[in-house]
Amino acid sequence: MSVPPADFDPIMLAAHAARAMSQAHRMAYAHLAPDLTIVQTSSNFPFLLESQTGQIIGLPVTEILWEFVGAEAALHDILRGEIPLLRLEQVNRGQGEAMLYLNFQVTPLDAFQPDRGLLLLVEDETAYGRLQQTLVQDRNELRLLKRKLTSANDELRRLNRLKSLFLSMSAHDLRAPLTSIGGYASLLLEIMSDAPADTLKYLGIILSQSEQMNRIISDFLDLDKLEQGLLSLHLESCDLNQIIARVSAAMQVVADSRQIAIALALPSPPLYIWADPDKLYRIIYNLVSNAVKYTPRNGRVHIEARQSDEQITLQVSDNGHGMSEEQLGNLFQLYYRTENAKKSKTKGTGLGLYIVKMLVEAHQGHISVASKPGAGSIFTVTLPRQLPDNV
Amino acid sequence: MKRVIQKKVCLLGDFAVGKTSLVRRFVEDRFDDRYLSTIGVKISRKPVEMADYTLNLLIWDLAGGDDFSQAGASYVRGSVAALIVCDLTRRETLDSFAYYANQMRALNPDAVLIFAGNKADLESERVIDNEALHEISLSLGGHYLDTSAKTGYQVETAFQLLAKKITV
Ligand SMILES: Nc1nc2c(ncn2[C@@H]2O[C@H](COP(=O)(O)OP(=O)(O)O)[C@@H](O)[C@H]2O)c(=O)[nH]1
Ligand SMILES: [Mg+2]
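Residue numbers (this note's numbering), protein chains in the order written: chain A, 1 to 391; chain B, 1001 to 1168.
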């Protein structure tokens, strides 16, 4: 293969190549004398450095480029051949949109005779710099946000602890007078058994309402513990039939007053379950009292328990108003009360079913509900007979 | 005519403590609430009038945080002083004081160090008390001041102190 004759000598070729490269990569260069004054520059040198125009030949580089103030020692080290180069990356020039990111590099003009002078290369890396700026910006903002989130969480936790403290203190303060009210009401009922019927009725109301208030306070306290994951179960073997019977007896007065029949379907021999008896009572009590509350006069509430190998199923059903799909979806949420519940004269906090669900789940159980408007509701709770060890 | 002397000084500190804002306040007397992360270095010049000379401070505002270690020596070398900054609302930014002080001293053994706790205007969010700040700063060989780039509080003072301590 024949080689075409060279049109350029090697120095000319290098000069052309340097010009082409400096255009392609936005580079400029300058020759510095050993005394660090500027000897000559590429034609785009003042242009690339924007603010620096006018006569620069013969001036010390530190007057033209602030970047080199303080770097004099390093530049002399290069001239003495003690270090090969000095490099400054991503030097910001200009403001805002017009900002440039420049790289500066200083090497000896002649690697074999470094004391003859220096070559200063300026490279415009704005495109890459902007990209990196965006990345760093995102990363830093993310870190700051994460920090904010953490401290907001800490603050929330602190407020939550404060709320719990307040709640338990006020619950304690409320309970004391309530105990007196209930206690004296039941004492009066005892000693005034021959009083007029109205008087006895009113005393009965005072007593049952103070009990109701006590239960609401317990609900609040339980809820607080549940939310903080502090609820502890005191597990023992419980006679489920007996607990259901106790709930049914406690609800009897209210049920009777509205001619609602409570029917029990309990197996024999009695069912035993490994659970926290107080919590189990609360689960059943809340379900039954709900059923009684939302069932119209002359209605019927049915409580049934049965067992399979592994689990116990408890059902509380009524023939009350029933609920729509949408109502069912929200039923177990905190402070949710159905439209019917809001319209009805019965008072409630919207805590009951939420607490039931939490307590059932604390026992590794499951609760579900089936209902249709006008066709009553069936609440089904399944509980494992034997809780796994880690509960 | 007074002599003019140019000296390189550095701002060091974790990201978003307010280094860029302090320089902007000192050099241009303005403040911007928006955060624009610095990458690389931005050099600003500000003349400070001293009794018998004018000191041109060339202030190197460096990218904060772990980018510093990469950028490293070539940025910090040749600087006669550093303003090392923490954010009074972020405890962990104080933990880095020693790191920056040591980096600076390793490259420039005689460097003047001044320490600033910035964002002093955010009083209710402040988490670092003055006692700790003074103690740490003195142990690292420099004075300490509260600053606020936002209100301008003690920004001038900090740089003036820096300028006064630089021997020419
Ligand atoms: N409130 C308040 N905000 C500040 C102060 N100094 C800086 N900032 C804000 O803090 C953020 C980071 O500031 P910047 O100067 O970019 O920090 P740098 O990364 O250290 O350069 C920006 O949003 C600034 O507006 C200050 O003194 N007070
Ligand atoms: Mg910055």
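To be clear, the hints were calculated from the coordinates, so they are not data collected in a lab. This one's a predicted model, so the numbers in the text were calculated from it and none came from an experiment. Fair warning: there could be bad hints in the mix.
[Said to hold, decoys possible] No farther apart than 25 Å at their CA atoms in a straight line, the calculated lysine-lysine pairs in the DSS-like style are these:
1) K1046/B x K148/A
2) K1150/B x K146/A
3) K293/A x K201/A
4) K1150/B x K1002/B
5) K1046/B x K1164/B
6) K163/A x K225/A
Status of the hints after comparison with the structure:
In summary, the hint linking K1046/B to K148/A is not supported, as the alpha carbons are separated by about 35 Å, beyond the 25 Å threshold. Between K1150/B and K146/A the CA atoms are separated by roughly 23 Å; this keeps the pair inside 25 Å, and the hint holds. Between K293/A and K201/A, the direct Cα distance comes to roughly 19 Å. Compliance with the 25 Å bound is thereby established for this hinted pair. Of the pairs offered as hints, the one joining K1150/B and K1002/B is violated, with about 33 Å between alpha carbons and a cut-off of 25 Å exceeded.
A distance of roughly 14 Å separates the Cα atoms of K1046/B and K1164/B; the hinted pair therefore holds under the 25 Å criterion. Among the hinted pairs, K163/A with K225/A is consistent with the structure: their alpha-carbon atoms are about 12 Å apart, no more than 25 Å.
The structure fails hints 1, 4 (numbered hints given earlier, in ascending order).
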